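Chemist: Residue numbers (our numbering), protein chains in the order written: chain A, 16 to 167; chain B, 1131 to 1465.
Derived by calculation from the structure, the hints in this document are not laboratory data.
None of these values were measured; they are calculated from a predicted model.
Accuracy of the hints is not assured; some may be wrong.
[Said to hold, decoys possible] Facing chain A, a subset of chain B residues (Cβ under 7 Å, in silico):
#1 Arg1190
#2 Phe1209
#3 Glu1235
#4 Gln1434
[Stated by the list, open to error] A few chain B positions that, by computed beta-carbon distances, are all more than 12 Å from chain A:
#5 Ala1158
#6 Asn1275
#7 Ile1362
#8 Lys1417
#9 Ile1424
#10 Thr1444
Idealized CB from N, CA, C, for every residue including glycine.
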Amino acid sequence: MELENLNPNVYKKSAERTVTTSEEDDSIVDPFDEREVFDLIRAINDPEHPLSLEELHVVQQNLITVDNEHNEVKVNFTPTIPHCSMATLIGLSIRVKLLRSLPPRFKVTVEITPGTHSSEHAVNKQLADKERVAAALENSHLIEVINQCIAV
Amino acid sequence: MSRLELQHTLTGHKGRVWGADWHPTNNALATCGEDKTIRLWSQEGNRWITKTILSDSHTRTIRDIAWSPCGQFLASASFDATTAIWDRKSGQFECNATLEGHENEVKSVCWSKSGSLLSTCSRDKSVWIWEVAGEDEFECAAVLNAHTQDVKKVTWHPHVDILASASYDNTIKMYKEDPADNDWTCISTLTGHTSTVWSIAFDGTGNRLASCSDDRTVKIWQCYMPGNEEGIATPDGDMVWKCVCTIAGHHTRSIYDISWCPQTGLIATACGDDIVRVFKESENSTKLAPEFEIVASQHGAHSQDVNTVKWCPTTTGLLLSTSDDGDAKIWKYEI
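Pulled out of the complex, with its shape left as it was, chain A reads as follows:
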């Protein structure tokens, strides 16, 4: 298969998170925050390059919002090129990873960073349609590809 984006910009990975003593104390309630959600998705593999979504700046911590109290997680992701045909697959991988990792109380919204993709609206609509996402995840070929992307 021909690569769509031959020479993507590659960025440095962020440092590992320092675990504080209060986080290790099980008696202290530790709400979900942006860094924690970022850590869940930053190592997802790009479908075409042997690089993580973090290294390609597809996901960034400052494009994630978490409202722990209202059970809302919103992730914006930035395709490497505006015509990237992998955008839906990348969004789906982020969605699946968060569906599997976060407690079911969370409402997860995964959208393209505004203005960074030519079919932004169509991709967002598809990713937000839980019925189509459910049907896609029953497709054994597709789930295999997604599992490869999110495997660490």
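Here the structure of chain A is known, so what remains is to put chain B in place on it, guided by the hints.
Modeler: This is chain B only, laid out in the frame that chain A set:
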């Protein structure tokens, strides 16, 4: 404010419960979901129990189910691209017919008032009408390709053979058979929603339709026949539907289902914010500009998205809901 009193929680499905339907005459209901099974429930004393589990007929998620008006048949629509028809002629429920033809996921199924027609719709953008041709025999009477995207829901008019469908293309369409050549055609397209229309429901008269959408609004549509006294033009000599009310500002996420009770006129909605809401037409409402007020809002009705709501046809004020949390619940609307 009135409220919804939780009467029963029906637990048993593994994973998301997508569809549900009350039996038309008995104190019974059916549910279906992600676990590829249909559960038939009935009330014994003060408890609802699973009487039967129907499995092994669908290989993927069962999205929707519908009882025939006589209550003898159950139809199930599945992501496996087929629709199964179940009956209990042998004494227990068996699948005696499988309707094939859709290219991919079947999203919804519905019987006409007479029970002689069945409709299905699919991700393949088409709506199919099937004629009940005899014992366990169904013939395809029409394949309607009016929508440009995934069709989410089909619903028959409560009195006459008019079919409505709702789609990912943001529109609702109506179909009727032309008596001259027995051809089914699209007679009306209802535009106004700005995102996916998930579900539609006629009122008891069939002269009004309610729709709910990913755009977080509910719309009320009024039917105008040729020669209507309001003077609404009917250029094709057929009925025209106009949006006469938009209920906005109440729902905070996608609205997945809507049910309009023919007895009480109450409208219930199922929302992605886990809330079941009930709306009632205001006293000062008029036919041309109806107004609806929210009369109940059950926060945390379920712990995840609510997928369906259905008013009970036999006991006034009973409401059934299903959710991604794996439960179905029965509520009583308390005034």
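Chemist: Identify every previously stated hint that the structure contradicts and give their numbers, smallest first.
Modeler: none
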